[in-house]
Amino acid sequence: MAYLKLDHIDKTFTRGALETEVLKDITLGIEKGEFVSIIGHSGCGKTTLLNIVAGLTRATIGGVLLEEREVDEPGPDRAVVFQNHSLLPWLTVYDNVRLAVDKVFSATKSRVERRAWTMHNLELVQMAHAKDKRPAEISGGMKQRVGLARALAMEPKVLLLDEPFGALDALTRAHLQDSVMAIHQKLRNTVLMITHDVDEAVLLSDRIVMMTNGPAARIGEVLDVPLARPRWRLDVASSPTYLKCRQRVLEFLYERHRFIEAA
Amino acid sequence: MNMPLVKAEPTPVMPAPTAKVLPLEPKRNALATRLATRVRDVAIRVVPPIVVITVTLLVWELLCRRAGSTLPPPSRVLDDTWELIVDPFFDRGGLDKGLFWHLSASLQRVASGYLLASLVGVALGTLVGQSTWAMRGLDPIFQVLRTVPPLAWLPLSLAAFRNGQPSAIFVIFITAIWPIIINTAVGIRNIPQDYHNVARVLRLNHFEFFWKIMLPSAAPYIFTGLRIGIGLSWLAIVAAEMLIGGVGIGFFIWDAWNSSHISEIILALLYVGLIGFVLDRIVAGIATLVTHGTAAN
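Same order as they appear, the protein sequences are chains G and B. Residue 222 in the numbering used here sits at position 222 of the first sequence, and the numbers go up by one each step. So the numbering used here is basically just the index in the second sequence, starting at one, shifted up by 263.
Hint data in this document are derived by calculation from the structure and do not stem from the laboratory. Be careful, since some hints might not be right.
Said to hold, decoys possible - Examples of chain B residues toward chain G, derived with CB under 10 Å:
1) ASP402
2) HIS459
3) ASN460
4) VAL464
5) LEU465
6) LEU467
7) PRO479
8) SER480
9) ALA550
10) THR554
C-beta atoms are modelled at their ideal positions from N, C-alpha and C, and glycine is treated no differently.
Construct the entire structure; sequences and hints are all you get.
So, in structure tokens, the structure goes:
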């Protein structure tokens, strides 16, 4: 059985008498160490799906199994890097990460170890130099790095990335993508990422899950990306496999989009 | 490939001698200009109030100088109250005390009532901000009660406590509490969903959430309420003391009016204003201190 299993998830939002079916019969298995992206047009329920995995939202039917145990509430074993960083503005960069470290390792690590672990994770995302700055004093890309450090510091079984680079400019985004790839290469963690960027999905993922348009979005197609790791942005960009995968995702998104227009 | 290397070599050598020659002179200039700008900054802030105050005093002096004017000119005020100004600490027993004692009695009442209002206000505000049910139940009551003028509470509290001291403290309490409750509630309600999500992923318990997320996140709002509250308390105390009597700046003013010591009233008003200003500054100072303090944690 898969490490992380999304089992027949349906999600319906009820508002008064109005029922909106957002997700329909989502079933997906993710192996340990795998990097899986979920791609789809905006409004298709990607973020809702991630929130269900994170435990922030309850599935209407079905559920999420992590190591064959059901998870239905949030926890540090499924750390989330939020779309808009969600750092606490009154804490320094160091204290934002330390808050998570203190909470997760309160029983297992000593004070000195927790300090070292906090710094270790800040170094991992190359943010140790800004440890005493507050979120308002650093750039958007840096905030996202700190958000990533906070999530990594929880030593999650699954790392959930909710369009983590969506709000960044193209150069910063590329830089962060490289960092995430390097970290994944090093730690071999299991990652589930939401994105609407085709290149990002192909470059980073082992598998790409393509969602149909909502309402009642389903998994339309799952694509393997058989590119060897480590991947280098420039080398990969010209490889036939990369181009083929990219083409495939674009076709899917384009086809589905046209389908909606016709309907 | 070789070009940049050749170019790079002379450049680090070049600026070194120029840097050795330059430093002394501009430094002296910088110090002088810095001193000049500092003096100018202070002057910009200090000169206008001095000018305005002087003009006001002059106009007042001219208006009230002529015979038959109902209010004393500033020179007479100074003359009449000189004893009170130079010796605020005398105590001839009973109510015949120096201004220091009156002001300190008023400040003590404000301190008790205001501290109580802060504690209860933040607690109630947190409850109302967090629970929709509590908000629906309590908010209409708050909205009505907060419009009741402070002094309207005094007869009721005198009836309840049968004593001036707790009644005055109660009036301060009931005056200061509304802005504290309402601002705290708004602050709590405005905690971004993101912070809730972070807290849930970290599995913070209620206690940790309260101290690590809720209070720091709502702190700016809470301090807005606390600042409005201290201002209202100081407004209410003078009026309340006029009615309850006993030692206190409000009674001092009323007593001065009854004995037709108009100059003493003017002096007392000046003190009341200055202390109200200082109180506001103190709460504002605590606000910056605390928000920095929680941030440094």
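Now the hints, each set against the structure:
Taking 10 Å as the C-beta contact cut-off toward chain G, the hint placing ASP402(B) at the interface is violated, the least distance being around 23 Å. Hint status for HIS459(B) relative to chain G: holds, with the closest Cβ pair at about 9 Å, below 10 Å. The closest approach between the C-beta of ASN460(B) and any C-beta of chain G is roughly 6 Å, which is under the 10 Å cut-off, so the hint is satisfied. The criterion of a C-beta within 10 Å of any C-beta in chain G is met by VAL464(B), whose closest approach is roughly 5 Å, and the hint holds.
Taking 10 Å as the C-beta cut-off, the interface hint given for LEU465(B) holds, the closest approach to chain G being about 5 Å. Using the Cβ-Cβ criterion of 10 Å, the hint placing LEU467(B) at the interface with chain G is satisfied: the shortest such distance is roughly 7 Å. The beta carbon of PRO479(B) is positioned within 10 Å of a beta carbon in chain G (closest approach about 5 Å), and the interface hint is therefore held. About 8 Å separates the beta-carbon of SER480(B) from the nearest beta-carbon of chain G, less than 10 Å, and the hint is met.
For ALA550(B), the interface hint is violated, the least distance from its beta-carbon to any beta-carbon of chain G being 13 Å, above 10 Å. Hint status for THR554(B): holds, given a least beta-carbon distance of 7 Å to chain G, under 10 Å.
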